[in-house]
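I would like the entire structure built from these sequences, with the hints used as guidance.
2 protein chains.
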Amino acid sequence: MVCSGRNVIGASMNKNCSKPENTIYLCSPVNALVEGIYEENIPFSEIKKHGDFGLGTFNDLDGEMVMLDGTIYQITADGTVNTVSESVLTPFACVTFYAPLSHDIIEKETAYEDFLGFLNKLLPSPNLFYAIRVDGVFASVKTRSVPRQDNYRPLVEVAREQPVFTMQDVEGTLAGFYTPAFMASASVPGLHLHFLSADMQQGGHLLECRPCSVKVGIQFLSKVELSLPMSLDYLTWDFNRDVAGDLDKAEK
Amino acid sequence: MVCSGRNVIGASMNKNCSKPENTIYLCSPVNALVEGIYEENIPFSEIKKHGDFGLGTFNDLDGEMVMLDGTIYQITADGTVNTVSESVLTPFACVTFYAPLSHDIIEKETAYEDFLGFLNKLLPSPNLFYAIRVDGVFASVKTRSVPRQDNYRPLVEVAREQPVFTMQDVEGTLAGFYTPAFMASASVPGLHLHFLSADMQQGGHLLECRPCSVKVGIQFLSKVELSLPMSLDYLTWDFNRDVAGDLDKAEK
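Listed in order, the protein sequences are those of chains U and R. With the first letter of the first sequence counted as 1, position 34 gets the number 34 in this note's numbering; the numbers rise by one all the way through. With the first letter of the second sequence counted as 1, position 101 gets the number 101 in this note's numbering; the numbers rise by one all the way through.
Incorrect hints may have been included.
Because identical chains share one entry, a pair is satisfied inside a single copy or across any pair of copies.
DSS-like cross-link-like pairs, simulated, lysine-lysine; straight-line CA separation at most 27 angstroms [unchecked claim]:
#1 K49 / K19
#2 K48 / K19
#3 K223 / K19
#4 K121 / K48
#5 K49 / K142
None of these hints come from the bench; they were simulated from the model.
Listed below in C-alpha cells is the structure:
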C-alpha cells in the first residue's frame, strides 16, 4: 500500500431524531438524467430537508453541484463558482446528513489509482452506500463541468464537449458517494465525487487527483430514499435502453 | 377490452403526517432473496412501522406473506394460513400504508391475460411503483407457496419444487405491487401479487386467476425507501451475477 493511512475511528452518529440517519436521498433516479431529462423543477429547499452534504446538478444541466455543510455551490461550464439559493431547481441531487463513522489520513503525494485503491479499502462491503468527504491539500485536481443544455440531449453526448479544469497545489474538499453496482439505475455506480477548492473559486466533477495531505471521512449509508419524478417527461420515458455504457462514459 | 371496468375515482390520500405517504418500503433488496439469503432477522414490528399492506416472506423462506389492514398472514408450503406476531422475522418484505387513489370494477369472468391487460391499463406510467389491491370473487385462483429452506439455495431452484394450490369459486383479496423494470434489483419487476381467501384458509403467491366480480384499488407510489441489510451474508455477497433470469423463473 502506497498510502500511509492511520485509521482514527471516531464515531459521531446523527443524534437528531428528526433527521433521517445514515440515509442517502436521491430526488430522482440518475437514469433520467442520463437520458437527457434535465428539468425536474425540484427546489433545493426540498433537497435540504434530506441532507446537508452531497452532489448533483441544476435544471438545464447548468453546471456541477456540490453541497458542503448545508451550503449549495454551483460550478458552471466557465469554471466559476456561485453559491445558490434554495429556490433554484434541480433534476438530480444526491444528499445525506453527513456524520462520518471514521477518519483516515493520507500524508504523502498519492497517485490517483492508489488513492482510489485506498478509498475502496475503507469500504468494508461493495453492497452498501457510503458518503465520502476528503478535505486537504492536493498536488493536482482535474475536474469537468457541464454546459447548460436543452432537454433530451443524452448526457453522454454532452460530456464529449465537457470543459476540463486542471488545478495545481490546491486546498479543497471532495464530496460524494459510493453506490453499489446493482443500484446503477438510481445513482452513479462506484465512486462519484465532486470538488470545491477551499477558496471557493474552482471545482467540478472529479476526473483525477493527486492528494498530498488529506483527511478522508466515511459514513456508512444503509438506507436509501428515492423520489420518482411526476413530470410528463419522466412518466412517459422508455427506460428499457441499457444506459450503463452511457453512464460510464459520461462520468469519466 | 373484455372487461367492463368502470372508473370510480375516489381519492383517499393518507392524511396522517406521521406516516410516510405513498411510499413503498423494502426491508432489503430482492436480489438478496433471489441469491438465497433467507435470514435477515428483521422483525415484523419494524416492517409495520412502514406499512399496513404488502407482501413478502419469512426467515428460512418459510412460506408466502401477505399483509392486509396491518395483519400479517403466512401461507406455508402445506397450504395452511396462520396469522403471525410482530416478533416473527423476515428477510424480505415490501409494504406501504395503503390509500388507493382510484377504484375500478370488473363485473364478469375474465381470463388471466385480460385481467393483466386491465391492470396494466390502470397504471399511467411504467416508471412509478403502484400498490394494487383486488377484492372480490374469483372463478379460479392458482397460487404457490415455498417450502422452508436452508440459506444459500437460490430461489430459482426452490421454486422448481413449489407446491401449487388451485382454488375454485373463491372470495378473497390480491395484494401487491407494480415495480418499474429498472428497479428490478430492489423489488420484483412488473406485477407481483399474493392472494388470501376471505375465509383466511387459503392463499399464496399468485400464478394465475380468473376474476368474476372484483374491485381493483390502485395507489401511486412515487417514493421508495430501501433498507440494506447489515448481515455478514449480505455485506460479503457477490451480486455481480445478473439475477433477472432467475427472478423471472422464480416468480412464475
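Hints and how they fare:
{"no.": "1", "hint": "K49 / K19", "result": "both (8 angstroms within a copy, 17 angstroms between copies)"}
{"no.": "2", "hint": "K48 / K19", "result": "both (11 angstroms within a copy, 20 angstroms between copies)"}
{"no.": "3", "hint": "K223 / K19", "result": "both (13 angstroms within a copy, 17 angstroms between copies)"}
{"no.": "4", "hint": "K121 / K48", "result": "neither (30 angstroms within a copy, 36 angstroms between copies)"}
{"no.": "5", "hint": "K49 / K142", "result": "neither (31 angstroms within a copy, 45 angstroms between copies)"}
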